[in-house]
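> All chains, please: the whole structure from these sequences, using the hints.
2 protein chains.
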Amino acid sequence: MSLSSAKPDKIRELIRNEKLFGHTSGMAKGYVQANVVILPEKYAFDFLKFCFRNPKTCPLLDVAETGNASFPIYGKHADIRTDVSQYRVYRHGELVATPNNVRDLFTDEMVSFLIGCSFTFEHALLEAGLPVRHIEEQHNVPMYVTNIQTRPSGIFHGPLTVSMRPMLMQEAIKATEITARYKQVHGTPIHIGDPAAIGINDLDRPDFGEAVQIKENEVPVFWGCGVTPQSVALAAKPELVITHAPGHMFVTDVLESQMGD
Amino acid sequence: MSLSSAKPDKIRELIRNEKLFGHTSGMAKGYVQANVVILPEKYAFDFLKFCFRNPKTCPLLDVAETGNASFPIYGKHADIRTDVSQYRVYRHGELVATPNNVRDLFTDEMVSFLIGCSFTFEHALLEAGLPVRHIEEQHNVPMYVTNIQTRPSGIFHGPLTVSMRPMLMQEAIKATEITARYKQVHGTPIHIGDPAAIGINDLDRPDFGEAVQIKENEVPVFWGCGVTPQSVALAAKPELVITHAPGHMFVTDVLESQMGD
Chain A
66 MSLSSAKPDK
76 IRELIRNEKL
86 FGHTSGMAKG
96 YVQANVVILP
106 EKYAFDFLKF
116 CFRNPKTCPL
126 LDVAETGNAS
136 FPIYGKHADI
146 RTDVSQYRVY
156 RHGELVATPN
166 NVRDLFTDEM
176 VSFLIGCSFT
186 FEHALLEAGL
196 PVRHIEEQHN
206 VPMYVTNIQT
216 RPSGIFHGPL
226 TVSMRPMLMQ
236 EAIKATEITA
246 RYKQVHGTPI
256 HIGDPAAIGI
266 NDLDRPDFGE
276 AVQIKENEVP
286 VFWGCGVTPQ
296 SVALAAKPEL
306 VITHAPGHMF
316 VTDVLESQMG
326 D
Chain B
66 MSLSSAKPDK
76 IRELIRNEKL
86 FGHTSGMAKG
96 YVQANVVILP
106 EKYAFDFLKF
116 CFRNPKTCPL
126 LDVAETGNAS
136 FPIYGKHADI
146 RTDVSQYRVY
156 RHGELVATPN
166 NVRDLFTDEM
176 VSFLIGCSFT
186 FEHALLEAGL
196 PVRHIEEQHN
206 VPMYVTNIQT
216 RPSGIFHGPL
226 TVSMRPMLMQ
236 EAIKATEITA
246 RYKQVHGTPI
256 HIGDPAAIGI
266 NDLDRPDFGE
276 AVQIKENEVP
286 VFWGCGVTPQ
296 SVALAAKPEL
306 VITHAPGHMF
316 VTDVLESQMG
326 D
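Residue numbers (my numbering), protein chains in the order written: chain A, 66 to 326; chain B, 66 to 326.
Think of the hints as simulated: they come from the structure by calculation, not from any bench.
Incorrect hints may have been included.
In this list, chains with the same sequence are indistinguishable; a pair is considered to hold if it fits within one copy or across any two.
Simulated pairs of lysine-lysine, DSS-like, Cα-Cα distance not exceeding 25 Å [to be verified]:
| no. | residue 1 | residue 2 |
| --- | --- | --- |
| 1 | Lys302 | Lys94 |
| 2 | Lys121 | Lys248 |
| 3 | Lys107 | Lys72 |
| 4 | Lys94 | Lys84 |
| 5 | Lys84 | Lys248 |
| 6 | Lys239 | Lys107 |
| 7 | Lys75 | Lys107 |
| 8 | Lys302 | Lys107 |
| 9 | Lys94 | Lys121 |
| 10 | Lys239 | Lys75 |
| 11 | Lys75 | Lys141 |
As structure tokens, this is what we get:
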């Protein structure tokens with residue numbers, strides 16, 4: 066059985082048993098993959114409130130009970146301590162380790178959040194015949210820190226980060242219509258057109274990822290990006306934050322076709 | 066100036082200064098009115114998580130910073146300690162007082178939640194020419210405790226309560242289409258038709274409110290009801306919960322036409 070047609074629980078089992086490493090892109094095709102943020106309980110209310118207040122950049126898919134390693138909807142039999150192939154451990158905002166499991170760090174006081182990832186709506190864009198340039202060019206999406214502030218919550222605040230996909234204006238309108246159905250994975254664009262209007266000076270120099278070609282008559286289309294909750298969580302410098310490593314997503318039990326708002 | 070055309074801040078000022086008492090129905094026409102739940106911070110994460118997990122019965126409009134008496138979106142200059150004309154104070158699940166303000170009870174550790182109320186979508190139903198029977202009959206909507214369990218969160222759990230509006234099936238379909246746009250105020254119906262399917266034995270004997278006439282060929286249409294978060298908060302018996310008294314809503318600064326998801 067190929068990993069692309071494997072079920073999510075099989076993928077997670079392979080990762081848990083350290084038989085599978087690396088990126089999860091293309092695995093368990095059709096199933097939602099999620100960004101992961103794990104925090105001590107004392108920050109959980111403010112972080113959940115941050116997600117509620119910033120749904121386009123921090124689209125919350127599921128949150129575990131305090132101290133619980135599984136998720137009521139997106140992973141009933143999952144174990145968040147082991148089911149991501151590479152974690153990032155930050156102390157006071159500094160990266161201190163990149164382990165394959167976090168069994169030792171996960172206490173009764175930790176709370177785990179699953180946040181929507183743009184893989185899901187990119188599949189919908191491709192199915193509608195819309196261009197997704199960085200997939201065509203086979204590299205990571207370009208991401209930019211904007212001058213738009215997120216709505217703060219407790220210790221969590223900071224600028225909004227966006228990802229960019231260039232297309233013709235009529236395609237951008239169609240993409241807005243399509244992504245309106247995907248509120249749990251960033252929803253409609255944050256901005257279409259002039260990058261300077263949201264504080265981006267040079268599209269050729271993204272803050273994360275790689276630049277893409279913008280063809281004649283195309284406009285840049287900017288969506289909220291899952292890097293935002295991570296960067297906001299790190300900027301708050303709590304004594305401990307655990308995230309997935311980029312591309313090493315949590316594979317959920319929910320089909321993309323089951324999503325929707 | 067009539068209270069119906071007064072702005073929300075004016076209504077709240079009159080209530081704050083104890084120049085206005087009683088129900089807020091019909092006041093500040095066009096503006097969203099909200100259910101209120103105020104809890105100690107130690108329960109706030111689990112209650113917010115409960116709202117996230119039960120959006121149809123607990124549609125969260127806004128949540129204040131811990132210890133803060135105003136709301137970032139729905140009432141920037143409001144004071145939740147004084148701006149509701151009658152509160153209900155519960156200790157360990159028992160009603161102990163119904164004051165006109167909660168200045169004495171509101172400490173730095175209290176967290177205030179605003180939850181959507183069905184007034185908003187009833188206006189939309191009426192504008193679409195759909196029947197809202199209890200308004201025609203000029204009394205409170207009938208509400209029923211179902212056998213459907215809410216998704217639990219920490220100490221918060223319990224059955225889902227619904228409100229019921231009878232209409233023809235083709236009207237029910239139109240009402241579903243319309244309320245799909247009002248996810249922040251209960252959204253689409255929980256159920257249409259046979260009451261027994263959701264554990265309701267007798268439509269003539271609602272658990273709260275008053276029964277309505279069901280005309281020939283009409284089916285009962287059930288929506289999630291804002292009584293649910295209150296009853297769930299009380300059933301958990303925390304040492305202190307403050308809510309609005311029924312009908313004595315918090316009048317927000319947001320227009321119904323500005324809502325939407």
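> Take the hints in turn and mark each one as holding or not.
A quick look at each hint next to the structure:
Proximity of Lys302 and Lys94 under a CA criterion of 25 Å is satisfied in neither setting, with 35 Å inside one chain copy and 45 Å between copies. Both within a single protomer and between protomers do Lys121 and Lys248 lie at most 25 Å apart by alpha-carbon distance, with minima of 7 Å and 16 Å respectively. Taking the closest pair of Cα atoms, Lys107 and Lys72 never come within 25 Å of each other, the shortest separation being 35 Å inside a single copy and 38 Å across copies. In this assembly of identical chains, Lys94 and Lys84 lie within 25 Å of each other by CA distance solely inside one copy; the values are 19 Å within and 62 Å between copies.
In this assembly of identical chains, the alpha carbons of Lys84 and Lys248 never lie at most 25 Å apart, being 34 Å within a copy and 43 Å across copies at closest. Taking the closest pair of Cα atoms, Lys239 and Lys107 never come within 25 Å of each other, the shortest separation being 42 Å inside a single copy and 45 Å across copies. For the homomeric pair Lys75 and Lys107, neither the shortest alpha-carbon distance inside one copy (33 Å) nor that between copies (38 Å) is at most 25 Å. For the identical chains of this complex, Lys302 and Lys107 are neighbours both inside a copy (13 Å) and across copies (22 Å), given an alpha-carbon limit of 25 Å.
Taking identical chains as interchangeable, the C-alpha atoms of Lys94 and Lys121 lie at most 25 Å apart only when both belong to the same chain, with a minimum of 24 Å there against 30 Å between chains. Within a single copy, Lys239 and Lys75 get their C-alpha atoms no closer than 36 Å, and across copies no closer than 43 Å, so neither meets the 25 Å cut-off. With identical chains, the CA atoms of Lys75 and Lys141 are at most 25 Å apart within one copy only, with a shortest distance of 14 Å there and 49 Å across copies.
When held up to the earlier numbered hints, the structure conflicts with 1, 3, 5, 6, 7, 10 and fits the remainder.
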